[in-house]
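Number of protein chains: 2
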Amino acid sequence: MSAGEGSKELVERMLAGDTLALPRLISLVEAESEAVVDIMRRIGPHTGRAYCIGITGPPGTGKSTLVDKITAVLRERELSVGIVAVDPSSPFSGGALLGDRIRMQQHYLDPGVFIRSMATRGSHGGLPVTVQGVIKLLDASGRDVILVETVGVGQTELDVVNATDIVIVVLTPESGDAVQAMKAGLFEIADLFAINKADREGAPRMKAELETFVAMKPGEPIPIMLTQAHRGIGVDELYEEVERRRRVQEEDGELERRRRQRRREEFLEMLQRKVRARFLDFAEKDDQLKELTERVAAGELDPYSACARVLDDRQWLGKWLIQGG
Amino acid sequence: MSAGEGSKELVERMLAGDTLALPRLISLVEAESEAVVDIMRRIGPHTGRAYCIGITGPPGTGKSTLVDKITAVLRERELSVGIVAVDPSSPFSGGALLGDRIRMQQHYLDPGVFIRSMATRGSHGGLPVTVQGVIKLLDASGRDVILVETVGVGQTELDVVNATDIVIVVLTPESGDAVQAMKAGLFEIADLFAINKADREGAPRMKAELETFVAMKPGEPIPIMLTQAHRGIGVDELYEEVERRRRVQEEDGELERRRRQRRREEFLEMLQRKVRARFLDFAEKDDQLKELTERVAAGELDPYSACARVLDDRQWLGKWLIQGG
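These protein sequences, in sequence, are chains A and B.
1 is the number of the first residue of the first sequence in the numbering used here; add one for each residue after it.
1 is the number of the first residue of the second sequence in the numbering used here; add one for each residue after it.
Quick caveat, the hints were computed from the structure, so don't treat them as lab data.
Treat each hint with caution, since some may be false.
Because identical chains share one entry, a pair is satisfied inside a single copy or across any pair of copies.
[Stated by the list, open to error] Straight-line C-alpha distance at most 25 Å; calculated PhoX-like pairs for lysine-lysine:
| id | residue 1 | residue 2 |
| --- | --- | --- |
| 1 | Lys-217 | Lys-285 |
| 2 | Lys-207 | Lys-285 |
| 3 | Lys-274 | Lys-290 |
| 4 | Lys-274 | Lys-8 |
| 5 | Lys-8 | Lys-290 |
| 6 | Lys-217 | Lys-207 |
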């Protein structure tokens, strides 16, 4: 689709509540279509109203079930919900592993809930920017709350969830969970801990451990909530804590500061990626670079020297600038 | 240290067998020192002799113990060993989590074994290039075999281990391991599977499952080995299988093809990173870009439009090219 007419109409339809327009716009953002600039310009004035909750944690902690139950709590309060579930994709199907999503099926028929699964693999670091775009579409489409669920394992997932208004880190009393979460950097971004499957042995000990950690961190203490998502226990209380934090964030200006910082980072990341993409486009076509690459591949020239040769060559860089534009 | 004299001397000392020169050169590579271009140019002719084995798998599968035991097997055969252990780093200490390394202490006093731990976090994607540089240093220093150990969880770790001559994916009979490894993309890069802790229940079933998977893949079937690393069982057989594959790789030209492809990818990745770094350097100083960034942060302008504005501005790009050089 070309930028212009088509996306204008789609955005208008989405803003008017057409449920078919939203998924089509999301697909354009995921495909990094040229229409995206136009779409984002048009939806810009309609964003900033939704509250975005990130939910992350090691694999197997029951995040999907928790998202499911939080969704039920939100629906009881007549709030509309958008869900972005970021899954590692299967190497075989190429798509997201939707097993966990099946549990969400009770909400699939509810027009107040929109669910989108996205795959991390093969995205080569561009995923956080794409997720940001999808969050904006959900926001502009009028969703009250957006839930972003991701397995907390790598930098990409960390970047995804870190771009939300509040981050819930989900752990279970299993011995390895806290260590895995800490290694993955989740402790640094947690605004709230949920110890899920809290009926299991070890829950009080884990709570005590987290309390020790929380006490070491400066600033307002991070709340530690106990949940049993599969039974719906503790989920209301968890959401009430989210609401309480949201009010504090709104009152002390933290929410706006956080969003400003997010927009700043998003822009610089996007710009870098575009500069890089433009460079790669050029690199693929340039004979001089191709020849240099093959000399490196053959082991005749080390890559460090080859890089220095390219970057010291003003003429070559100028050619990129002119041809790559 | 500046490029030139210092690195020349260090490289000469390393090539002459000075054990203190190697860690200092590694530190320069890790710090992305300007001396690296000179170092790599100098060691280039001395590389390509070592065989590089990647060992990866989900957390808790006993990779470190396996590396320890493979090292013992290699030392029995009077082969010298270099070990690069890539660890997620602790958010508190900033350094690598060295717990598992303690098991390696029997080799710490052996001059035939050189061990280096490196942290993944905070490396922002540059780690695979750094690890490549460290592998080259170990290679040039005369190590016969280099073992690269990494937890298989994210794209960075995948890139690290994928740049070796052979990849061993370590699993245990635990139910979640195979799924986690598959989700992380490890099945696609496996040259060899090791089912470790093979005395545990479920090992025969896992072997059967892997055999089904292996049978589905085209090409030579991937061997599935059973090990009990902590008891040293199956480690000799595992290494013999590695040796057998190595001979096949050498005979059919696969090893050289793989290394050529690795050098090609390494160069293009490095070049992209340098273009990006140069851009960031400039972006930090440029008032025009700073002003644009603050407008995006304030929500006055969407990041897509702001990117388009920068990239369509030849004059601005030209300024970058000249000032950023």
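Verification of the hints:
When the C-alpha separation of Lys-217 and Lys-285 is checked against a cutoff of 25 Å, the pair qualifies neither within a copy, at 52 Å, nor between copies, at 33 Å. When the C-alpha separation of Lys-207 and Lys-285 is checked against a cutoff of 25 Å, the pair qualifies neither within a copy, at 57 Å, nor between copies, at 46 Å. Proximity of Lys-274 and Lys-290 under a CA criterion of 25 Å is satisfied in both settings, with 21 Å inside one chain copy and 17 Å between copies. Taking CA atoms no more than 25 Å apart as the test, Lys-274 paired with Lys-8 passes inside one copy only; the shortest distance there is 23 Å, against 38 Å between copies.
For a Cα distance limit of 25 Å, the shortest separation of Lys-8 from Lys-290 qualifies neither inside one copy, at 41 Å, nor across copies, at 30 Å. Taking CA atoms no more than 25 Å apart as the test, Lys-217 paired with Lys-207 passes inside one copy only; the shortest distance there is 15 Å, against 46 Å between copies.
This entry does not satisfy hints 1, 2 and 5, going by the numbered hints stated previously.
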